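> The primary structure of each chain is shown beneath.
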Amino acid sequence: MTTITADQIIAWIERYSIRIAEQKEFLTKLDSDIGDADHGANMHRGFQAVLVKKAELQGKDIGALLKIVAMTLISTVGGAAGALYGTFFLQASSVTTGKTELTPGEFLLLLEKGLAGIVLRGKAAIGDKTMVDALHPAVKACRRAIGANEPLDQALAQAVAAAEAGLQSTIPLMARRGRASYLGERSANHQDPGATSTFLLFQCAAETLTTNH
Amino acid sequence: MTTITADQIIAWIERYSIRIAEQKEFLTKLDSDIGDADHGANMHRGFQAVLVKKAELQGKDIGALLKIVAMTLISTVGGAAGALYGTFFLQASSVTTGKTELTPGEFLLLLEKGLAGIVLRGKAAIGDKTMVDALHPAVKACRRAIGANEPLDQALAQAVAAAEAGLQSTIPLMARRGRASYLGERSANHQDPGATSTFLLFQCAAETLTTNH
Amino acid sequence: MKKLINSPENVVLESISGLGAAFPDLVKVHFNPNYIVRADAPVQGKVGIVSGGGSGHEPMHGGFVGKGMLDAACPGAVFTSPTPDQMHEATKAVNGGKGVLHIVKNYTGDVMNFEMAADLARAEGAEVEAVVIDDDVAVKDSLYTAGRRGVGTTVLAEKIVGAAAEQGCTLKEAAALCHKVNAQGRSMGMALTSCVVPHVGKPTFDLPEDEMEIGIGIHGEPGRQRMKLKSADEITEMLLTPILEDLPFQNGDNVLLFVNSMGGTPGVELFIVYRKAHEILTNRGIKVSRSFVGPYITSLEMAGASITLLKLDDQLTKLWDEPVHTPALRWGV
Amino acid sequence: MKKLINSPENVVLESISGLGAAFPDLVKVHFNPNYIVRADAPVQGKVGIVSGGGSGHEPMHGGFVGKGMLDAACPGAVFTSPTPDQMHEATKAVNGGKGVLHIVKNYTGDVMNFEMAADLARAEGAEVEAVVIDDDVAVKDSLYTAGRRGVGTTVLAEKIVGAAAEQGCTLKEAAALCHKVNAQGRSMGMALTSCVVPHVGKPTFDLPEDEMEIGIGIHGEPGRQRMKLKSADEITEMLLTPILEDLPFQNGDNVLLFVNSMGGTPGVELFIVYRKAHEILTNRGIKVSRSFVGPYITSLEMAGASITLLKLDDQLTKLWDEPVHTPALRWGV
Ligand SMILES: Nc1ncnc2c1ncn2[C@@H]1O[C@H](COP(=O)(O)OP(=O)(O)O)[C@@H](O)[C@H]1O
Ligand SMILES: Nc1ncnc2c1ncn2[C@@H]1O[C@H](COP(=O)(O)OP(=O)(O)O)[C@@H](O)[C@H]1O
Ligand SMILES: [Mg+2]
Ligand SMILES: [Mg+2]
Ligand SMILES: [Mg+2]
Ligand SMILES: [Mg+2]
Numbered sequence: 003m004t005t006i007t008a009d010q011i012i013a014w015i016e017r018y019s020i021r022i023a024e025q026k027e028f029l030t031k032l033d034s035d036i037g038d039a040d041h042g043a044n045m046h047r048g049f050q051a052v053l054v055k056k057a058e059l060q061g062k063d064i065g066a067l068l069k070i071v072a073m074t075l076i077s078t079v080g081g082a083a084g085a086l087y088g089t090f091f092l093q094a095s096s097v098t099t100g101k102t103e104l105t106p107g108e109f110l111l112l113l114e115k116g117l118a119g120i121v122l123r124g125k126a127a128i129g130d131k132t133m134v135d136a137l138h139p140a141v142k143a144c145r146r147a148i149g150a151n152e153p154l155d156q157a158l159a160q161a162v163a164a165a166e167a168g169l170q171s172t173i174p175l176m177a178r179r180g181r182a183s184y185l186g187e188r189s190a191n192h193q194d195p196g197a198t199s200t201f202l203l204f205q206c207a208a209e210t211l212t213t214n215h
Numbered sequence: 003m004t005t006i007t008a009d010q011i012i013a014w015i016e017r018y019s020i021r022i023a024e025q026k027e028f029l030t031k032l033d034s035d036i037g038d039a040d041h042g043a044n045m046h047r048g049f050q051a052v053l054v055k056k057a058e059l060q061g062k063d064i065g066a067l068l069k070i071v072a073m074t075l076i077s078t079v080g081g082a083a084g085a086l087y088g089t090f091f092l093q094a095s096s097v098t099t100g101k102t103e104l105t106p107g108e109f110l111l112l113l114e115k116g117l118a119g120i121v122l123r124g125k126a127a128i129g130d131k132t133m134v135d136a137l138h139p140a141v142k143a144c145r146r147a148i149g150a151n152e153p154l155d156q157a158l159a160q161a162v163a164a165a166e167a168g169l170q171s172t173i174p175l176m177a178r179r180g181r182a183s184y185l186g187e188r189s190a191n192h193q194d195p196g197a198t199s200t201f202l203l204f205q206c207a208a209e210t211l212t213t214n215h
Numbered sequence: 006m007k008k009l010i011n012s013p014e015n016v017v018l019e020s021i022s023g024l025g026a027a028f029p030d031l032v033k034v035h036f037n038p039n040y041i042v043r044a045d046a047p048v049q050g051k052v053g054i055v056s057g058g059g060s061g062h063e064p065m066h067g068g069f070v071g072k073g074m075l076d077a078a079c080p081g082a083v084f085t086s087p088t089p090d091q092m093h094e095a096t097k098a099v100n101g102g103k104g105v106l107h108i109v110k111n112y113t114g115d116v117m118n119f120e121m122a123a124d125l126a127r128a129e130g131a132e133v134e135a136v137v138i139d140d141d142v143a144v145k146d147s148l149y150t151a152g153r154r155g156v157g158t159t160v161l162a163e164k165i166v167g168a169a170a171e172q173g174c175t176l177k178e179a180a181a182l183c184h185k186v187n188a189q190g191r192s193m194g195m196a197l198t199s200c201v202v203p204h205v206g207k208p209t210f211d212l213p214e215d216e217m218e219i220g221i222g223i224h225g226e227p228g229r230q231r232m233k234l235k236s237a238d239e240i241t242e243m244l245l246t247p248i249l250e251d252l253p254f255q256n257g258d259n260v261l262l263f264v265n266s267m268g269g270t271p272g273v274e275l276f277i278v279y280r281k282a283h284e285i286l287t288n289r290g291i292k293v294s295r296s297f298v299g300p301y302i303t304s305l306e307m308a309g310a311s312i313t314l315l316k317l318d319d320q321l322t323k324l325w326d327e328p329v330h331t332p333a334l335r336w337g338v
Numbered sequence: 006m007k008k009l010i011n012s013p014e015n016v017v018l019e020s021i022s023g024l025g026a027a028f029p030d031l032v033k034v035h036f037n038p039n040y041i042v043r044a045d046a047p048v049q050g051k052v053g054i055v056s057g058g059g060s061g062h063e064p065m066h067g068g069f070v071g072k073g074m075l076d077a078a079c080p081g082a083v084f085t086s087p088t089p090d091q092m093h094e095a096t097k098a099v100n101g102g103k104g105v106l107h108i109v110k111n112y113t114g115d116v117m118n119f120e121m122a123a124d125l126a127r128a129e130g131a132e133v134e135a136v137v138i139d140d141d142v143a144v145k146d147s148l149y150t151a152g153r154r155g156v157g158t159t160v161l162a163e164k165i166v167g168a169a170a171e172q173g174c175t176l177k178e179a180a181a182l183c184h185k186v187n188a189q190g191r192s193m194g195m196a197l198t199s200c201v202v203p204h205v206g207k208p209t210f211d212l213p214e215d216e217m218e219i220g221i222g223i224h225g226e227p228g229r230q231r232m233k234l235k236s237a238d239e240i241t242e243m244l245l246t247p248i249l250e251d252l253p254f255q256n257g258d259n260v261l262l263f264v265n266s267m268g269g270t271p272g273v274e275l276f277i278v279y280r281k282a283h284e285i286l287t288n289r290g291i292k293v294s295r296s297f298v299g300p301y302i303t304s305l306e307m308a309g310a311s312i313t314l315l316k317l318d319d320q321l322t323k324l325w326d327e328p329v330h331t332p333a334l335r336w337g338v
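Residue numbers (this note's numbering), protein chains in the order written: chain A, 3 to 215; chain B, 3 to 215; chain C, 6 to 338; chain D, 6 to 338.
Read the hints as simulated data drawn from the structure, not as lab findings.
Keep in mind the model is a prediction, meaning the values are calculated, not measured.
Virtual Cβ for every residue (Gly too), placed ideally from N, Cα, C.
Check before you lean on any hint, since a few could be wrong.
[Claimed, not checked] Which chain C residues face chain A? A few, computed with CB under 10 Å, are given here:
#1 Leu31
#2 Ser86
#3 Lys207
Work out the full structure, taking the sequences as your base and the hints as a guide.
As structure tokens, then:
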């Protein structure tokens, strides 16, 4: 059975920081249309701050390193994304304390906890046009695949596909949570920025967690 | 010898009010380049207020009607032009009190007094890039022609030509008085708005004071 | 982008530095985490009043720190809610033993981050209450949405609750008073132009020369509706009518009329809006007993205006009149 | 043109109506001729202080009418000096028997119209003095020109002389004090954008995205120089250096630092300029003992800023701190 090492988790976070840097303008563009034009800058500020701490992450157990990621995001991102991604990683850390590697089942638990944290904090349901629309189906796909003992790379590939479908599903929706909800009907026909950054998180997971570095 | 009647003076003022209305945008454009973009509006506001009082002007002697024009300009125009044109007409009125018509010599005195008032009030010399650059040569042309007993229409035609030449002479100048002086060298290569409105005043005089209405 | 800045990254830092340098007797600016506190904080035996939110709304909130108003303000990045650690540190810095009230504008980010900060502070034994301001009638309220935004009433709540805290009220009383102000205040805004977020460098939305946005918030977001530009009187009526209907305000009411510039609209225009608003209210038998006109809760350089109406009673009127001494608001002292 | 107005013709009238409606306890607005007087004018036994000028510079001057500052303000059309009859009526309305001081900004139109008004008032036996403010270092002074413009120092003079008048000084003393403030104050401004004069409907000048005007006045006129846009710190240095050299201000001086928005520049940017100005002064050993930051003398919606520096002594500092209660400036009361 494949396991996920602490180094792979670090690689995931690092890859995601780079992806966010690349997609910063795009995320901001999405947030200009239905929000306040800062999602790209917010995520970038946070993950650049995480990158600065890369040396600190190394050698730590997964729970400890995810806690550093969480606290860094919480204290640098701000806005809805800061609270939500911060909560995601804080919850993820809470179920990985002391672990230096994760079984697929343990990784699933990390995701489940993270999702639950976001839902508790943000109170968004599926269809509210938020990051939950990408996150929930992605976690669900993992749950099914890992439950069926499918290999991790396949589970993650399915999660990416599910996140992408979830992301697409936000386009026609009218937002009911977050800043986009103020636009009412004018929020329809736009892709949710937070769902987009969540999709990228799974994309980077698939790229980093199934190969050794 | 031709004389100028009170009705002709009223016709002059009326014609000028209309000319100003036509040239309002142009005067404002000139004042945008080297001033504060209000000369057209200022003059228009003042002469529209004069037009409203047309009935009051009728039947009055020239001194009395010019005083109404002066006071109306003083209380409605504001800015440099209000004080200067107001002073011009106030001085013009002071030497025409009680007169129902003017000989060319008396009309010349009106101009001389008006010019002196403007110079006293504004302290501009020729070459300072102000209305004086058009007014002074126009008065001088009248002085020569009327002194030489040339017919009034010829005197006024020469005044118009002199005013126009004076107006053209403002273009290369650097302003030393008024708002345009703040621009220093940047005021050069622009035609002075006040000299332009003064040229129009003589143009209208030539159109109205030499024919009976 | 044409702004008087050095670099987008440094806008907030340099601006609050300037505030601190300009008013050293009134405020102290703390960096990393960033917050602005009263120079004499913590005031012993006084409830601490803390607010905060994204930057770009100046003078709110940093300009309202001082005697009779806020004890601390937490500035986030431009248009981005501050982080829990800022709020937590600010809360500690102003706790004079009677607890701390968080005045929070109703934006998902602000609410969640302030919740996290309150959790942190409470975990350390501090008494913390939070009141969420949601006065924007442009947004339809519903259980299933993020609800109304917090806009102009925030400033009025900060002044009024700040005065009560100065007089020695308890944390519970401060919270109750803040709820009352929120319940009696309503706002609506409009934009003639978009603003330019510094790190974006171009307008958040494009608005043609002959159009305007009605029902905007304060984060450069588009409004509920885009329409042809109208006259100041018509716009005033469009802003005021939903406000009047919402509470509703009635014949005989006393109100504070707050006409606010979104940043780029100058005073000469604001008073044209004020004039019409005053006329509409007078015609309805509503008495404008206090007026407040100026750029107090802005969206960077956005041109536009918002109107806030607060129903006054003796308590609120007296507290509004109490002395205040902050960088942006001062009277009676 | 995007403005909150009803029609270009009515801008001034409606705006001063709004001011009067908003602050009936402080000011009374008189129409035709237009002027704004203290609600309690004339104050017997007090020198009357009158100022005025074109509109579009709000809150100057109407917003500065009230206890401790101006007794009356005469608003002209936008950017156009008011007329002598306005000034004359205002002068009569505030003459409490000790004479009236006219504070006049040095623009040909303002100076000439105020001269005519003073002549009218003196002809009726009133004692009138006029002091011309000419503090703009962007303009080279010379006997053979209109001289320097009057800009930011005007506001400081109105406050300081207003305080002295409130304390009962004579007309001669008021005039001497006003000359002193003018002699000790220097200003310079810059623009990021042009303003739009309402009756013109389009920008007075076109300024490319990457350029700015340095050495502008307050009437939307172009400045002395157009150049590439620079950082806030560089711009601050460009504004402050000629000011510092002109008086000159010296090591050990106490100053009032006034950072002013031209109308469209929001607070967040002003404080970035303030920060750098404060740093430059501190580095030169000049002590900023009073600060004044905000949109106080504007050019409609023009984006840009000006800096005014006033050398302070005990007299000026005390008078600056005296209570003032006007629509736009209030403290100590
Ligand atoms: N209540 C919520 N629950 C889950 N996600 C949310 C919620 N509110 C907002 N979001 C997500 O946050 C994203 C916006 O993040 P960001 O722009 O960084 O913060 P802000 O909205 O405070 O400016 C949205 O696109 C949406 O996906
Ligand atoms: N001192 C002066 N003497 C004579 N004419 C002057 C003087 N100052 C200004 N002017 C004239 O006034 C004109 C500007 O008038 P206007 O734009 O109406 O007033 P303002 O300059 O107050 O805006 C200038 O073009 C110039 O011809
Ligand atoms: Mg956002
Ligand atoms: Mg002009
Ligand atoms: Mg945000
Ligand atoms: Mg003018």
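> All hints are to be evaluated individually against the structure, with a verdict given for each.
Cross-check of the supplied hints:
no.	hint	in the structure
1	Leu31	violated (26 Å)
2	Ser86	holds (5 Å)
3	Lys207	holds (9 Å)
This entry does not satisfy hint 1, going by the numbered hints stated previously; all others are met.
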